[in-house]
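J.: Chains as they are written, first to last, in the numbering used here: chain A, 1 to 235; chain B, 1001 to 1323.
Mixed in with the good hints, there may be bad ones.
Covered, in the sense of this in silico footprint (three residues per stretch, anywhere, with C-beta under 8 Å from a C-beta of chain A), are these stretches of chain B [to be verified]:
1) 1084-1090
2) 1214-1224
3) 1287-1301
With the Cβ distance kept under 8 Å, some of the chain B side facing chain A (calculated, not the full set) [as the list claims (entries may be wrong)]:
4) F1076
5) A1079
6) R1080
7) D1093
8) T1094
9) L1095
10) A1099
11) F1103
Bear in mind the hints are in silico, worked out from the structure with no lab data behind them.
These figures come from a predicted structure and were not determined experimentally.
Virtual Cβ for every residue (Gly too), placed ideally from N, Cα, C.
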Amino acid sequence: MRGTLAVYQKELSTYFRSPIAYYVVAVFLLGTGYFFLYNVFLTGETTMAGTLQNMGILLLTLAPVISMRLFSAEYGAGTAELLLTLPLTPWQIVLGKYLGAVTILLLISVGTVVDLVPLYIFGTPETTTILAGYIGFVLLGMACLAVGELFSVLTHNQIVAALITAAVLLGFWFVGHLQDFQRSDVLRSLVGYLSFARHFTDFIQGLVRTDGVAFYLVVSAVALTLSASYLQWRR
Amino acid sequence: MSLPPAAIVLESVSKRYGSRTIIRDVSFTVGHGEIVGFLGPNGAGKTTTMRLIAGFTAATTGRVTVAGYDMATDNFEAARRIGYQPERPPLYDTLDVSAYLRFVAKVKGVRRAALAGEIERVTAACHLEAVVRQEIYKLSKGYRQRLGLAQALLGSPEVLLLDEPTAGLDPAQIQETREVIRDFGRSHAVLLSTHILAEATLICQRVAIIHHGRLLAIDSPSGLQRAIAQTNRVSLQVTALAGELRAELLSVKGVTAVSMLPPDRDGQLTVECQVDVGHGIEAAIARAVAARWDLHRLERQAPTLENIFLQYVADRPNGSEPA
């Protein structure tokens, strides 16, 4: 636990002493602000549904920027040699780094709460639906960051890590569209189940379903397990 | 608790990456309170051996034991007892010196109450007091190198592994760093790799010579000198005809090989004889040469560590078995 905490604290320090965290937070909040203004003031819709949907897509492009440096930067700077020879288990390293990235995710989520102020002043939004949407957003983000961490473990190049992560996340997002091309019911339901977008839409509509929560948590757990296993194996 | 006999034990260790063999059947030990120097040319396998002992990579065959723990099965326990300074200082540029050392100390299990004292101890030992609040990316090469050493010293590990610890330091810093290593080595096991042969003579009780992934020799500097003394070299300058001189020299008992440079403007030949006997060989050569030609200079080359190292490495260019 102590090792995980030390890695987590180090991660947060390095995030905020480099421009990456500020860049991600700024781009995300500006983007979300624009989508909010467009969805609420131009269409007159007093819900967060449209904005949350856009936040999800924006997250797919920004999560790789948060996760790309997790391990690739350590390989590049030669600090992996320190990290992997200190008394830390692969799980402590993977988890400490993951929690650091998730903290950035929580920060940008909290940052968007400011958009709710005019929503509550000028309308009567459904609090539980918004809350469900935010739960879905955080779970989606956790899965995206875990997948990003896996590709960062696998490559020494941060840009390559980010590009592969973005491609894989977009694949997971749009895989649901393949449902229409499947004859087999099993394949149709499998492709639908693998869709990041389908589960996220449920949350935005106010449905916190067990299979949706489990899906994102399982994706995160599998990606983190593969990362820790790779670190162990690469010795 | 009684300490195990050796802090570092390598038993027939080999490391392969695909079809390339980097380390071949290397065995040696480093005891507690001993400093062992690791010498070898670039690409000899020094860094890979260090990484094997530090647990960064695992041996393909053989066994590495550190502080009594097998690196293949108990590397976590072993890591708690190892301080490792890789060849390239492993520093987080965006952190300041204090935050960096605090991170390493926490991971090494230094208690919260002892953190400040421990960081103060290593910064003082490595002369880092002036930069303790500075961001690492602003540090000079010398400070970066010393910070790499400071993190290795945190927690007073049983075993200290230092890969080129004085590279990039100025002469005064080299002196200070050697003092730190010497002090630490009095009660801990230290394995350090170096290109500087004098460094090995000055601070190491034993020296290991590695080449093409093979351990060629391991002994005290004086032991290596004794071992090599029997295959020494005698150099001389003579005004003579090359062919006749070569034949004469090879007829002297104990001379096994003769190499010559072309004559200089004055017609003097510079000759080097490989000899395999101890006392009296210089006199025998001098008598044989001076009887027929003008002998201008004769000198028996002292077996310095540099000569020994070069001889070991030159004699076994293809990683063949040591004699």
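J.: Determine which of the earlier numbered hints do not hold for this structure and return their numbers in increasing order.
T.: Per hint list: 2, 3 violated.
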